[in-house]
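Between the sequences and the hints, there should be enough to build the whole structure, so can you do that?
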Amino acid sequence: MNNEILRSIRSHLAASAPHDAREQVSRRLTQINADLISVDLRQSAADLFRLNLEAVNGHCVIAQGDTDIARALTQIIADLQKTNLRAQRIAISDNPIVERLMYLTDLEIEALAIAPNDIFSYDVGITTAQAAIAETGTLVLDSADERHRLVSLVPPVHIAIVDASRICETLGEALSLLRNGKELSRAVTFVTGPSRTADIELTLTVGVHGPQELYVIINR
Amino acid sequence: MKVSLFVTCLVDQLWTSIGMSSVEVLRRVGCEVEFDKRQTCCAQPAFNTGYREEARQVARRFISIFEESKAEAIVSPSGSCTAMVHHYPELFADDPAWLERAKAVAAKTHELSSFLIRVLKVENVGASWNGRLTWHDACHGLRDLNIKSEPRTLIRNVRGAEFVELEHADACCGFGGTFSVKYPEISVAILDQKIEAIERAGVQAVVSGDASCLMQIGGRLSRNGSKVRAMHLAELLASK
Amino acid sequence: MSSLTSETFRENAKAALADVHLRGALKNATSLFGERRKEAAASLPNWEALRTQARAIKDEVLLHLDRYLEEFVRNAESCGAKVHWARDSAEANSIICRLATERQARIVVKSKSMTTEETHLNKALEAAGMQVVETDLGEYIIQLAEETPSHIIAPAIHKTRGQVAELFTNELGMPPTDDIAQMTRTARLALRDRFAAADVGISGVNFGVAETGTIVIVENEGNIRLTTSLPRMHIAVMGIEKVIPYFADLDIFLKLLPRSGTGQRLTTYQSFITGVKKQQSDEGPEELHIVLLDNGRSRMLAHPVTRQSLACIRCGACLNACPVYQQIGGHAYGSVYQGPIGAVITPQLMGIEKTSQLPYASSLCGACREVCPVKIDIPRLLLHLRSEIAPRKGSVAERLAFKVWARTMMSPTLYKLSSVAGRMFQRVMPISRAWTNARDLRPIESKSFHDLWNE
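Residue numbers (our numbering), protein chains in the order written: chain A, 593 to 812; chain B, 188 to 427; chain C, 25 to 479.
Zero decoy hints are in this set.
Quick look at which bits of chain B chain C covers, simulated, 3 or more residues with Cβ under 8 Å:
{"#": "1", "region": "196-204"}
{"#": "2", "region": "226-234"}
{"#": "3", "region": "244-257"}
{"#": "4", "region": "359-370"}
{"#": "5", "region": "404-413"}
Facing chain A, a subset of chain C residues (Cβ under 7 Å, in silico):
{"#": "6", "residue": "Trp-109"}
{"#": "7", "residue": "Arg-111"}
{"#": "8", "residue": "Ala-180"}
{"#": "9", "residue": "Arg-289"}
Keep in mind the hints are simulated off the structure, nothing from the lab. Even glycine gets a Cβ: it sits at the ideal position worked out from N, Cα and C.
Listed below in structure tokens is the structure:
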């Protein structure tokens, strides 16, 4: 079966050869600048990341150290609790940092669970991100390092914590990091803002199947 | 400079004033114009409809006639016909002898506005025309020959003419050759967008570089009882 | 609406032109996406270089497609994916139905995939006794309405909010509303438990990376992430032309695709899936099956002009730019692939017998070529297809007409006579009637330019 398709490919390519000789085929450039940003030295990667995330309805807080992060978390969740998003049942990833940070907060919540099976019943998911991309405001979630695939996706609110030092300037850099690091992970997800659609009358609606709110806390 | 006029079958049969105006303009800027009476068509209708053998027959004739000319350039008041001649090498890709001859003729063939600006380096042909007008970018001229700034430069130098840029000037008028009669409903639906933009521009005339577009646009304008005139660039430039 | 075929293209088009609401919706969608694409392209100083590079990469892959596919398969399988080769739609559907049946699947969730619409997969799965749920909001809407997509990016663009609300009220018991956010929430809730209950998730593939065996899928809603991480089996359907050589090449394509389609810098989510999880306790499906689909694609490799069809990354930019599509929308094409790319791919995939109108449904304006991120020369392809269709499927009258035309254009005497005949018969020629229905016709001049020159 596979032989038949490959055979078909080979025979049709062979038929094309005499025509190919007459066509101009452009060769790929070995070096191409695909960057979206000209390196703006006045702006740090963190600031650029925030700018781009906010442009797609994400929220970004810059914090310094655990206490500061915990304070940010408290603020975010307390604010959410006043809305219809509840924020009473919190799911967290299996990164110990997240658990530690949650215990530093002073929050009144109904439940806290690490990557629970009944993930659909949770209001907020908190994870870290393995890296981020400044030029697009994107989070890089690598499933090899953390159990956050569903925690970052199912609850209506996702809060992600990322180290400023892990923010790449460009998409190309992030791809390179993934490709050239240890073995390429089985499942990597790029997240740029909350979920969205414009399928009904082209009207932008934020919050479809993925989270409706995305908060990123950058740890400087 | 001596130029050989390729008047196109459409202008020859349906809009001779474009041909007369082209000659007038070329002479005014100092060209000697020759007209080879053996010419007929560039073969675009057959090529576009998929009849390549018939297209090749007529293209060979075009090449044979025009390669004999001692003129330095072949000039045509049509972007689409000029683009067709530039496609001749593709028609003869499998025929080395004709391929070379096709390339030679194609290299010498220019659309009028492109010839004036790029070859003669003339921007003002001494024309004058009073009124408000706009320009429609004919698709082949725009996308195959990159003609965009040239007509605008020439128009801006017409004394008395007030030029306004048309909304979506580069949108197709819906002609497309046989498309206009194979799918007339779609052709007219597309055309009506263009007509609406022209009416909104509040002009006395819409100018273009292709008689085919002008027939399409002009045909609808007159059916609508519109006062707006569809005018060829050559006719505008020949005005005094 | 789903029974429209390419054979009745002209009738389909006329019906579409009469649909005032559809035309309004199309105008909004195409001009919005078109404007956004233009801004997105203009904001990237090296846009042209990216296009050139993307096309060069595609040309490289397609010229050695067998080799790159073999590399892709090897790498995907080494990470635990199972790869299946499907020669045609029937085979693809049969493979997928077998996999789902072996899984004893009852509920299948699907994310938007043109390839699965090409094979009519949903019908096959339903015939095999499974419940298939489209999860992309636009696809979900038209599935409930039992219609087909009218636009590649926004499949339900032809429906008003009122129509969607009525649909949701009737099918999902939603309280009447005209609030779009409320409708979206309703769909989200309705689909939540489908995701949770699904046994199998089926997706398409935007790019398959040969170097690593990774499949990459992009989206805005999150339904692809849910479809490909919750059910225990994930089936990814991939046209054989979707392969790209290197992981690093994704930088180019991920920048071109969202900008060309909707003007976005990046879509909300990209999923990079390489094989299956390493440990049973990890999140994600236990099985990944990649179904490679040929269905006529390999035939297109036989000539450089047709081969470029396979460079398409399904962005939809050509649809939005096309003056024909802008007026008639997607249904009129009577096939899965619509607009300019549809007009060239459909005849090649399905053969020209029943699709011969499509390559003629174009004014050859070239707007599509201008916006295509991989620089497919669609007008050249259309002309190529016309040159194959005319001699074989042109009517006897037309073929004869062009033979006469050629003889006339070759002979100055006949040419002169033709204008005499033209002056006499212009108004009654069928061609004239098609013209004069809505446009005035210039009469043939009483003296041709030739005549005037001689004076």
